[in-house]
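Quick mapping for you: the protein sequence lines, in order, are chains R and F. Using the working numbering, the first residue of the first sequence is number 2, and each one after it goes up by one. Using the working numbering, the first residue of the second sequence is number 2, and each one after it goes up by one.
Honestly, I wouldn't trust all of these hints.
Looking from chain F toward chain R, a few residues come up when the C-beta cut is under 8 Å (computed) [as the list claims (entries may be wrong)]: (1) E103; (2) G189; (3) F201; (4) I211; (5) V213.
The hints are simulated quantities; they were obtained by calculation from the structure and are not laboratory data. We treat Cβ as the ideally placed atom computed from N, Cα and C, and that holds for glycine.
There are 2 protein chains.
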Amino acid sequence: MKIGVFGTGMVGNTIATKLVQVGHDVRMGSRSAGNEKSVAWVKSTGARASGGTFADAAAFGELLFNCTAGGVSLGALQAAGAGNLGGKVLIDVSNPLARTAEGMTLSVCNTDSVAEQLQRAFPDLKVVKALNTLTAPLMVNPSLLAGEHDVFVSGNDEGAKARVSQLLKESFGWKNVVDLGDLSAARGQEMYVIFWVRMFGALKSPMFNIHVVR
Amino acid sequence: MKIGVFGTGMVGNTIATKLVQVGHDVRMGSRSAGNEKSVAWVKSTGARASGGTFADAAAFGELLFNCTAGGVSLGALQAAGAGNLGGKVLIDVSNPLARTAEGMTLSVCNTDSVAEQLQRAFPDLKVVKALNTLTAPLMVNPSLLAGEHDVFVSGNDEGAKARVSQLLKESFGWKNVVDLGDLSAARGQEMYVIFWVRMFGALKSPMFNIHVVR
C-alpha cells in the first residue's frame, strides 16, 4: 500500500521504516521538501522510501500517519491541504505534550483533543487515534515486551477503525487492539500520556506498556 | 489501627467496611453527624464502626482516607479542620470527575490535581494519592481479577508512602504497588481516569484494571 507519514522525528522515522520493511511504499512528509532528516531517511531506507512536503506525502498516501508533535499537527495538516487529505484514513499518533513551568503538560486536553481538532478541521478525513500511548520502538514491535499488552484505537468511522486495526495487526504485529469508541475517547488516550510520563520517570525506561486485566 | 474515612458513597463505604473486616476501628465522616448513609453503615457494620462529622473522623483517625468526590474534597478537609488533620497521613482516593456538556471531564487537571490542592491547603498533612484508578470493589479486593495488576501511589513524604503501601498490601491484599514519585504525579493518576472512563464504556464493566508490562 502507498502510505504517507507526516513527521520526521523518532515516531515518524520508526513507523515509516517499519512500513517499508513490511512491504509498503512510504512517503515521509515535512514542512520543506529538502528536510535533512527526511533526505537521510530516504537514502538509508531504499527504493520504497521517498520524501516531500506534507502536501506531497498526503497526495501520495492511500493511508496517512500523523507523527508530528500534537501542538503543530493542525498546521501540518493545513499545509497538506484538504484536497490531498480528502476522505482518507489518518492514523493520529500525536501527543500535545508541552514542557512548562508546571512540568510536563498537554496543550489541549479534558474537553478536547488533538485528534478531534484535526477531525473538526477536515470533516471528510477519517481520523483514528492510535499508538500514542507508547514509545516508538514498541509501536511497531510489540513483541519487544514479553507479556501480553494492549494498543487502543478510537474514531468516528467504524470501517476506518477496522482498517487501522488490521494494519496494526498485520504490519506491526499487535494482538490486542482495544476499541475505545468514538473519537472523543482520544481525550482519554492523550490524557493517559501524562500518567505514562510519570511511569517513565518511575521505571527510568520508556520500554513498557499496559495490559488491561479483566 | 484507628482510621478516619471521609465520604459515605460507594468508595467510602467499601473502604471503611473492608478496614473494619480486617480489624481496624473506623469512623466514617460526613458533612453532618446524623448522615443517613453513615448511620446505616454503622448499624450494619458493628462495634468497630462509628460515624460523625468530618472533624470527628479526622480527630479519631491515626490515618485518614479521603473518599469524597474530588470537586468537594477541599471543602471536606476544611470542615475537618487543620487541627484535627495535623501531620497525619491522608490517602486521597478522590477524582475530580464532572459530567459536562462536553462529556465526562475533570474539574482540575493538567497543571494541578485534587491531591496537590489538598496538600497546599494543609502543608503538614502527608497526602498520598492512591486507589483512584479503579472501581471500589477492586480497591479492597484485587484478587477479584485473575491476572496480575497494579495500584499506583504518589506523595511527597517517603515514610507516608511506605506506610500506605504496607496498608495496601496487608489490609487490601495488593501485590504490585508502583511508586510514581512526588505528589505532582497525582495529575497523571487523576488524568488516567478519563482513559478509565472510556475503557469502562468499551468493556461495559468497571471490573478491570491495568498491569504495567516491562
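Quick rundown of the hints versus the structure:
no.: 1; hint: E103; in the structure: 4 Å, holds
no.: 2; hint: G189; in the structure: 4 Å, holds
no.: 3; hint: F201; in the structure: 10 Å, violated
no.: 4; hint: I211; in the structure: 4 Å, holds
no.: 5; hint: V213; in the structure: 6 Å, holds
This entry does not satisfy hint 3, going by the numbered hints stated previously; all others are met.
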